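Student: Here is what each chain is made of, one letter per residue.
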Amino acid sequence: MSSGSSQLQDIADRVIAQASRGEQVEAYVARGVETDIRTYEGEVEHFVSAQSEGIGIRVIKDGRTGFAYAGTLDESAIASVLAQARDNVAFGTPDEWAGLAEPDGVAVVPQELWNEALAAYPTADKIALAKELERLTAASDPRVRVDDANYSDGAGETAVATTTGIRVNGRENACYVSVSTLADDGDETQTGFGFSVGRSPHEFDLGKAAREAADRATRLLGAIKPPSKRVTVVLDPYVTAQFLGVISSALNGENVIKGRSLFANRVGEPVASPLFTLIDDPTNPKAYTATDIDGEGLAARRNSLIEAGVLQGFVHSSYSARRAGTVSTGNSVRGGFKGTPGVGCLAMQLKPGARTQAELVADVEDGVLIQMVQGLHSGVNPISGDFSTGASGLLISKGQLGAPVREFTIASTLQRMLHDIVEVGGDVDWLPSMAAGVSLVIADVTMSGA
Amino acid sequence: MIEHEVLERVLATALRKGGDFAEVYAEDKASTSAGLDDGRVEQVSSGRDRGAGIRVVVGETTGFAYTADLSEAGLRAAAEAASAVASQGGAGTRVVSLTRSPAHVVNRIEIYPDTVGKAAKVSLLQRVDEAARSMGGAIGQVSAGYADSRKRIIVANSDGLLAEDEQVRHILRISVVANGDAGMQTGFESLGHTIGFELFDQHDVEELARTAARQAITKLRARPAPSGAVPVVIKAGSGGVLFHEACGHGLEADLVSKGASVYRGKVGELVASPLVTLVDDGTMAGEWGAIGIDDEGHPSQHNVLIQDGVLTDYMWDHLRARKEGHAHSGNGRRQSYMHLPMVRMTNTYVLNGTENAEDIIRDTPYGVYVAKLGGGSVNTASGDFVFGMTEAYLIENGELTDPLREGNLIGNGPQVLRDIDALANDFAMGNPGTCGKDGQGVPVGDGQPTLRVKSMTIGGTAS
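Protein chains in written order, with this note's numbering: chain A, 37 to 486; chain B, 2 to 464.
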């Protein structure tokens with residue numbers, strides 16, 4: 037974070053100054069503004085301009101934790117939040133490892149998270165961007181209709197203070213445009229989407245967003261339901277990023293401690309193909325989720341998770357690290373002022389190979405290029421490793437892309453898929469997600485269709 | 002929460018620059034939650050969310066702003082921000098006169114959450130933990146969450162509507178991990194209703210925990226699910242999400258009006274097996290999606306969507322109803338004051354058929370019996386949907402045999418609705434759900450009797 041707000045820091049400081057003896061107190065204060073513009077058929081469908089603020093207070097005493105929040109920074113409300121958090125302490129179970137983070141001396145790698153050009157960008161220009169994206173998309177293919185085009189931005193500032201010596205604040209802003217499409221052919225309708233993200237609107241590529249949105253919808257027109265059989269799949273970078281998101285659950289140190297990770301007790305062992313090298317590196321400014329500090333206020337850092345298929349370790353917050361007998365990896369994550377921080381990967385990246393997606397496809401005898409998945413939240417269990425997801429894409433036969441296919445599933449287990457990785461592509465895509473995308477080839481996956 | 006006269010002045014401010022419609026939605030929500038994991042009550046949390054969202058509609062354009070400041074000055078500032086879309090000006094002063102709607106009480110609350118001590122809430126978690134762990138050494142981990150909320154809402158609009166409601170919800174969730182030779186498996190149960198703390202006197206939470214534990218233990222001997230198209234029997238009360246995804250979303254008027262639903266232009270047509278009568282019902286007392294009024298101030302309703310297989314109507318919110326000259330259906334909902342309302346389901350269910358559930362299984366030589374479904378999702382334009390099966394068994398020669406590992410089922414909504422070839426008479430509501438749409442989550446319920454779909458694709462790995 038950079039050059040944050042002294043006002044929010046003052047609020048946080050005042051709260052922790054009220055800590056009693058034997059009490060650890062953390063105050064997390066946030067304030068934000070956002071703009072959401074949606075256009076439809078050349079007109080503004082909605083214009084949302086919003087401000088929000090709030091405070092979350094955590095109190096730990098005798099190993100027991102209490103928490104409370106309020107969506108306001110009103111002085112009397114803050115007093116009541118502290119009182120509630122204190123009252124809640126009495127109902128927790130004592131936990132010898134409970135405690136707030138303490139400064140660990142790891143240097144912060146500064147990130148450019150604030151963009152003045154965005155902060156100064158006029159509202160009329162934001163509306164014009166959404167309209168232009170809608171126009172470009174509709175003009176890209178006669179079969180394509182635009183469901184909606186959107187411009188969104190947000191700016192937020194936060195401050196954290198703890199009685200254990202953490203004191204950080206900062207601010208951050210970002211923006212994106214997105215478009216949803218419908219493509220019709222007779223009775224059939226398929227959908228697509230496109231987006232572009234940036235620290236400032238000057239970084240947008242509207243043409244690419246429009247082309248992708250049109251292509252995603254039209255490429256599925258006339259798609260068939262494929263037969264059921266075992267195939268090799270090539271995951272599009274966008275799908276690989278989601279796959280890595282599932283894997284991250286098993287690399288979460290808290291899940292390991294609590295018996296919910298299929299990687300528990302496997303450090304130093306091969307858990308994936310030797311081609312698979314995975315890091316979590318929020319200090320890489322190319323990552324969409326790049327950040328300088330984690331949810332507890334410690335420096336974000338680069339962590340090696342899987343090296344040439346061998347499990348190196350897990351990500352930790354100060355709490356999970358204390359329980360595991362190690363130190364925080366700077367991977368505390370916090371969803372805002374309404375909750376306490378948890379543990380998670382921040383910016384995953386798979387070490388890329390050298391070849392393009394087209395070159396990867398050319399080597400596949402019988403397979404499917406998976407362009408979209410549906411139902412990762414319902415058919416994948418990161419605890420058992422069972423993996424089954426709806427999918428759509430293009431058949432691959434003797435190295436050639438063929439007919440579009442939809443309404444089928446691909447299934448295996450996470451454990452097997454990691455070992456069945458045949459190749460990692462060289463086409464890294466810094467998507468707006470927690471993981472960067474890259475094409476990934478996985479053998480021996482069950483495709484279920486007709 | 003806000004004085005009648007203040008609301009009138011704020012609405013006038015919202016329309017000062019012009020506009021066809023203005024609305025103030027205010028809420029005050031107090032919530033408590035507690036989480037137990039790994040044998041410990043990790044923390045009790047208290048939350049307070051209070052604020053108002055103001056929208057101004059000008060033609061096809063909506064301006065929206067929200068604020069946590071419920072003073073008249075704060076509300077007026079938000080009204081000004083929302084009215085920025087009305088730039089034509091010259092509308093002059095518009096006087097808004099509000100008339101209070103009669104209360105529409107659907108849910109009867111006996112024990113309000115703020116009258117129950119936190120110790121009683123926490124002890125539910127401890128009872129659940131103990132009960133799940135009593136199921137044997139295979140149980141490796143138990144986590145449980147308790148949450149309650151008491152939300153008061155007030156809606157006022159420039160048509161003169163003034164309506165209020167109070168929504169009290171309690172929910173308990175239990176997740177269990179069991180360890181076996183072949184790895185870990187999971188079980189999950191939840192209990193949630195729009196009623197007071199009396200919920201936990203009316204239900205056996207220990208039994209719920211044991212059920213979650215049994216589910217995880219049973220799955221330790223599960224074999225891979227089949228791969229490909231097979232007949233699927235879905236247990237009563239576990240498959241409402243099928244209808245939520247296969248057609249519920251596609252019957253939302255906002256999606257229909259943009260041509261983003263496979264059900265557009267199909268009113269009066271046969272869209273499902275004649276066995277199917279589908280209802281969306283916000284008045285179903287105590288259910289997770291039950292509401293007195295929707296978040297646009299209109300009373301909840303019992304709406305028949307499909308009658309004997311024929312599509313009778315869509316679900317509506319204010320904007321779509323106004324545009325099409327249709328009556329409100331009580332389906333305008335939003336996640337909170339920070340969100341614009343849109344068309345949402347409440348409790349969506351299929352009415353009873355006439356068959357006996359056991360007979361349906363007995364008449365199925367080979368197939369899959371789904372005893373519990375997980376989440377799902379749908380592409381309303383193509384109709385393709387998926388949902389996860391978290392507890393399922395193989396049907397062989399008309400009998401349930403081996404448990405199956407988890408996986409997704411995939412189908413096309415209109416096709417699956419036509420392929421329902423048996424419907425039992427054992428209706429039950431399912432677990433409380435959170436329906437996500439356009440980034441907003443709202444509580445919904447679903448239900449159905451045991452039914453059979455003659456062919457659905459199971460995303461397993463067994464050939």
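Derived from the structure by calculation, the hints contain no laboratory data.
Possibly wrong hints are sitting among the right ones.
Within a straight-line C-alpha distance of at most 27 Å, the following computed DSS-like cross-link-like pairs (lysine-lysine) qualify [as the list claims (entries may be wrong)]: (1) A:Lys167 with B:Lys259; (2) B:Lys324 with A:Lys167; (3) B:Lys30 with B:Lys119; (4) A:Lys261 with B:Lys267; (5) B:Lys119 with A:Lys374; (6) B:Lys438 with A:Lys244; (7) A:Lys261 with B:Lys455; (8) A:Lys294 with B:Lys119; (9) B:Lys30 with B:Lys324; (10) B:Lys152 with B:Lys438; (11) B:Lys119 with A:Lys244; (12) A:Lys167 with B:Lys267; (13) A:Lys167 with B:Lys18; (14) B:Lys455 with B:Lys267; (15) A:Lys265 with A:Lys434; (16) A:Lys374 with B:Lys152; (17) A:Lys97 with B:Lys119; (18) A:Lys244 with A:Lys294; (19) A:Lys265 with B:Lys455; (20) B:Lys267 with B:Lys324; (21) A:Lys374 with B:Lys30; (22) A:Lys97 with A:Lys322; (23) B:Lys152 with B:Lys119.
All figures in this text were calculated on a predicted structure; none of them were measured in a lab.
Student: Among all the numbered hints in the text so far, which are the ones the structure does not match?
Tutor: 9, 11, 12, 18 and 22
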